[in-house]
Amino acid sequence: MTLNEVINALQSAGSEQTKKTYLTHGAKEPLFGVKAADLKTLQKKLKKNYTLALELFATGNSDAMYLAGLIADEKQMTKSDLNRWAQQAYWYYLSEFTVPWVAAETPFGWDLAQEWIESEKDNVASSGWATYSNLVTLKKDADLPFPLLQQLLNRVSETIHRSPNRVRYTMNGFVIAVGSSVKPLTAEAEKTAQTIGKVRVDVGKTACKVPLATEYIGKIKNSGRWGFKKQETRC
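Sequential numbering of the sequence shown, starting at 1, is according to our numbering.
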């Protein structure tokens, strides 16, 4: 399918109700309001397509940008591509899902995450923390840089409550990811969770809530999914 054909398919799949929901959560025009399930249907049809992914993301249409992440070929994506995407990912569906998903599957995910968390831009820094969260749930424990993860947990303990809005959310998510997926560091993650306590994030007029890390990690440990690793990040 060509770019125009995909855009037409997105437009046909969109709904005003979904569009309204996305706008409430931070999306901006242009967008059609396509549900994730319909995007996945298109993903199966398109498969991985590096060039088309870049074209879709460049449209600035939120639905197209999300789809771009689903079909991006991580073996062809460059640091430059992902840095551009991180800058352009203006709301959390894109900055905390689309961009980190792809970044974590590339060989330079660790480098990008480290670079992004130092950004003064809320959307870029939150992409960095979300990339770290994806990496620890994707990589085997034997392949993880434990000293770095410990440093990051300490950083969360010391800085989360004075960090920007969505950075607080993704820092909290990082603690949960480490505690849930990296058994050797669960105790340290739980200690961090106790230290930070309840994390307050402005979620606007939505019904979203910030999970309490202590409770979330505890539920994972009791559910039989403790230490679970993903085969791929994108969903």
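No lab work stands behind these hints: they were computed from the structure. All figures in this text were calculated on a predicted structure; none of them were measured in a lab. Quick reminder that beta carbons are idealized off the backbone N, C-alpha and C, glycines included. Hints should not be assumed to be uniformly reliable.
Here are the simulated lysine-lysine pairs, DSSO-like style, with alpha carbons at most 27 Å apart [as the list claims (entries may be wrong)]:
#1 K20 to K140
#2 K75 to K40
#3 K139 to K79
#4 K230 to K183
#5 K48 to K140
#6 K28 to K209
#7 K28 to K121
#8 K40 to K19
#9 K198 to K35
#10 K230 to K205
#11 K229 to K209
#12 K205 to K139
#13 K219 to K198
#14 K205 to K183
#15 K198 to K121
#16 K191 to K229
#17 K183 to K139
#18 K209 to K20
#19 K230 to K191
#20 K230 to K44
#21 K47 to K75
Between beta-carbon pairs, the in silico distance windows are [claimed, not checked]:
#22 K191 to G60: 37 to 45 Å
#23 D73 to N165: 31 to 39 Å
#24 C235 to P107: 15 to 23 Å
Verification of the supplied hints:
no. : hint                     : in the structure
1   : K20 to K140              : violated (40 Å)
2   : K75 to K40               : holds (20 Å)
3   : K139 to K79              : holds (20 Å)
4   : K230 to K183             : holds (15 Å)
5   : K48 to K140              : holds (24 Å)
6   : K28 to K209              : holds (22 Å)
7   : K28 to K121              : holds (18 Å)
8   : K40 to K19               : holds (17 Å)
9   : K198 to K35              : violated (31 Å)
10  : K230 to K205             : violated (32 Å)
11  : K229 to K209             : holds (25 Å)
12  : K205 to K139             : violated (36 Å)
13  : K219 to K198             : holds (16 Å)
14  : K205 to K183             : violated (36 Å)
15  : K198 to K121             : holds (23 Å)
16  : K191 to K229             : holds (22 Å)
17  : K183 to K139             : holds (13 Å)
18  : K209 to K20              : holds (19 Å)
19  : K230 to K191             : holds (24 Å)
20  : K230 to K44              : holds (19 Å)
21  : K47 to K75               : holds (14 Å)
22  : K191 to G60: 37 to 45 Å  : holds (42 Å)
23  : D73 to N165: 31 to 39 Å  : holds (32 Å)
24  : C235 to P107: 15 to 23 Å : holds (21 Å)
Hint compliance for this structure: hints 1, 9, 10, 12, 14 are not met, and every other hint is.
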